[in-house]
Structure formats: structure tokens, C-alpha cells
Amino acid sequence: MNQNRREFLKKAGLGALAGLGAAAGLFPAFALEQTDMSNFSDKPVPGKVRWGMLIDTRKCLGNCKECIVRCHHDHNVPDFGQSKSEVKWIWKSGYENAFPTASTQFQNPEVLERQVLTLCNHCTEPPCTKACPTEATFKRWDGIVSIDYHRCIGCRFCMAACPYGSRSFNWEDPRPHIRELSNTYPTRMRGVVEKCNFCSERLVKGELPACVDSCPEKALAFGDLNDPNSEIRKLLAANETMQRKPELGTLPSVFYII
Amino acid sequence: MNKFSQFFVALAAGLAVFVAAWFFMQSAHRGSLPAIAADAVVPTQASPAKGAPIDSSKCILPTDYMRAHHMQVLDKWRKDSVRKGNRTFVNPEKSHFDKSLNTCLGCHGSNPMFCFMCHEYANVKPTCWNCHLSPMEVPQ
Numbered sequence: 001m002n003q004n005r006r007e008f009l010k011k012a013g014l015g016a017l018a019g020l021g022a023a024a025g026l027f028p029a030f031a032l033e034q035t036d037m038s039n040f041s042d043k044p045v046p047g048k049v050r051w052g053m054l055i056d057t058r059k060c061l062g063n064c065k066e067c068i069v070r071c072h073h074d075h076n077v078p079d080f081g082q083s084k085s086e087v088k089w090i091w092k093s094g095y096e097n098a099f100p101t102a103s104t105q106f107q108n109p110e111v112l113e114r115q116v117l118t119l120c121n122h123c124t125e126p127p128c129t130k131a132c133p134t135e136a137t138f139k140r141w142d143g144i145v146s147i148d149y150h151r152c153i154g155c156r157f158c159m160a161a162c163p164y165g166s167r168s169f170n171w172e173d174p175r176p177h178i179r180e181l182s183n184t185y186p187t188r189m190r191g192v193v194e195k196c197n198f199c200s201e202r203l204v205k206g207e208l209p210a211c212v213d214s215c216p217e218k219a220l221a222f223g224d225l226n227d228p229n230s231e232i233r234k235l236l237a238a239n240e241t242m243q244r245k246p247e248l249g250t251l252p253s254v255f256y257i258i
Numbered sequence: 001m002n003k004f005s006q007f008f009v010a011l012a013a014g015l016a017v018f019v020a021a022w023f024f025m026q027s028a029h030r031g032s033l034p035a036i037a038a039d040a041v042v043p044t045q046a047s048p049a050k051g052a053p054i055d056s057s058k059c060i061l062p063t064d065y066m067r068a069h070h071m072q073v074l075d076k077w078r079k080d081s082v083r084k085g086n087r088t089f090v091n092p093e094k095s096h097f098d099k100s101l102n103t104c105l106g107c108h109g110s111n112p113m114f115c116f117m118c119h120e121y122a123n124v125k126p127t128c129w130n131c132h133l134s135p136m137e138v139p140q
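Line order of the protein sequences matches chains A and B. At position 181 of the first sequence (counting the first as 1) the number is 181 in our numbering, and the numbers step up by one without a gap. At position 138 of the second sequence (counting the first as 1) the number is 138 in our numbering, and the numbers step up by one without a gap.
One or more of the hints may lead you astray.
So, partial list: chain A residues that the calculated Cβ filter (under 10 Å) puts toward chain B [what the hints assert, rightly or not]:
1. N76
2. D79
3. F80
4. V111
5. E113
6. Q115
7. H150
8. R188
Bear in mind the hints are in silico, worked out from the structure with no lab data behind them. Treat the numbers as computed from the prediction; the structure is a model and nothing was measured. Glycine included, C-beta positions come from ideal geometry on N, C-alpha and C.
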């Protein structure tokens, strides 16, 4: 190869590199993609809001299932008719099942017989989101542990990770098992996990969750736990409250008055 | 000039060619983007918790653009509303829309076959209706 030509190419290459470097320095728009600051104006601030719920088990008595019926209707929750493949967003469990690690020694027998309303706790440290391999379930900016059903691959790691049994799996196509289709929320498909979403579709419209809205005894309170002046924070300050399995360190956002 | 510096200079020349090619491709890509990209729209100050005043009297973007790009718009809307919480879409005419499939179906749902006619013709099978209620299934 002609050595002169080789030398020329080397110098030309260096020159091009230096020129590009200078151009990038002189015109930043040329080197880097421009940042449009207006894109950041509408982004929610993570951690600013933390939605929480307070359930007064003293008022939530008997066989009332208003909230369960309303929630399961509004969210198109299927009824497969057998407990093994049951899908549930909100349900009632016995006191000792809801609080298995709470002391029951010499406990008021009336309390021990209570049916406690249970739902997804929307933990501040959710174990389920850490187990999800596709990030289909994630903690939102407002503290809600949400599932992106578009992304769920149905591996059920999150169900194994959840210490509260809040998640259900669609073993078959849920569409034929929905009693009455509601157009307030989409259905799910076969092979995805589902659970309570704290009615994020209602919160965005400025409405309270369906269970809180439908409770005839007003036993459920809902609000922003990060706001010291919110109704729920005043109720939490004024009452003795419990969380489910607090020793796990998941920091649930659902509180109970016993 | 020893072997090491020769190698270094050759490396620099190669890098320069790559950088030049990259800039060329970037500028070419920018030029080829359609005039109205879903990304180019500036979001508003409206709080996502309160929702935006929804104007459903007209389509969000010109029909020709929507015909070709509705899947990209829906994909972006899904990501923005489900994962980022940015629910407000503002079109070039400054109308506000909620980033929801229901915004589209609010008008287009009046023709139950609106989606299906074209998808049938083009033989595409989108998975939207596995979960979302199509205009043919929505209880009236």
C-alpha cells in the first residue's frame, strides 16, 4: 500500500474526529438530543401521595357483603364457582387468619369470631414487585401496587411472594364466568394474575374506591397517608390501629381498628 | 511513528467514520418522522389525580395520521397512563384528552364495527379485546 496515502488517511481521520468534537462543543444540540423541559411538568411526583385505607372492624359486622359484591361487579371479577380457582379482590377472613401472628390469648371471644375485611395491602415495601420478572407489577408514584395486565406472563412468582394471599390467578378464560359485564373496567384474560388496584380508575376521576363508597356502615376510610391533615391520618391518630403481619416489614397501607 | 501510535491513529479514524455515520443517520431519522408525532405533544399542567376536562367532540389527530399510526398512539398512551401516570394528552389544537381507550370509543364506539371492519380487511388480530370490552360487547 502507498505509504503516503496511508498517512493522508490517518491525518484525515484525526481531523474529522477533531472537527466533530469541536462541532459538538460549539453546538450542543448537534451532539445531544435536546431536552424539552415541558415534558416534565405533568409527571406525578413519586412518594408525594400514599393512598391508604382504614377499616373499622367494629362497624364491619355480620354477613354484609356490599363492598365485595360492588367491587367484584365493577372490576369484572370472574366467579369460577370453586374455591380452588377462586378470584378475589376483597374478601372476608376470620380474625385469626387475617392476623395470624397477633396474640389471641384471653382475647375477647367476640373479636375472635369477627370476619375481617381483607384486600391487597398496597405495601410500601411490596415483596410481590420484587418477585416479578417482567416488572408487570410495580409500585406506582402514589403508593398503589399496580399490575400491568398487558405485561403479566402468569408466572405466579408474585402470588408466592405475597404474604397476604391478595393475588389470584386466572386458570381459565374469565370472560364466560363474569356474571354481569361492567364497562367501568376491562376484564382479564386467561393466565394473568389479578388483585385489588385501590380503584385507581376511580381515583383518577376524583372518586373514592368502590368499597368505601358502597359501605352502608361507613366502616371504611380512605385518604392520603402522607398528608398529616387528611381524614385518615386524624382517624389513625385518634384510634388504636393494627396492620396485618407488621413484623414482615412490608409496611401495609391498610389499617384496622379492632 | 511506531506501531502503537499507528494503531491509535487508525482507531481514531475508524471512530470518526462511525461517529459521522451515526450523526448522518440521526439527522436522516429526524427528517423522516411524520409531521405530527405523538411524542411531540406537550403535556399540560392538569393534575393526573383530578383528570383533565375531556373534549370528545372531535378526533385527537387528523384522520390520515390516525389511520396509519393509531397503534403507536395507543401504545404510547398505554405506557403513559398505566406506568407513568401521565394521563393527559394535548393535541396541536390544544384540546385535552384522557389517555384511555374509552376516549376513542366515546365517539368511535357508536359504530360497533369501527375497529373490526379495517382489522378484518387487513387481516390483523390485535389482542386489545382479550380484556378490553369491544363496542360490540359493551352493555348499553
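These are the hints, each one checked on the structure:
no. : hint : verdict
1   : N76  : holds (8 Å)
2   : D79  : violated (17 Å)
3   : F80  : violated (17 Å)
4   : V111 : violated (36 Å)
5   : E113 : violated (39 Å)
6   : Q115 : violated (32 Å)
7   : H150 : holds (7 Å)
8   : R188 : holds (6 Å)
The earlier numbered hints that this structure contradicts are 2, 3, 4, 5, 6.
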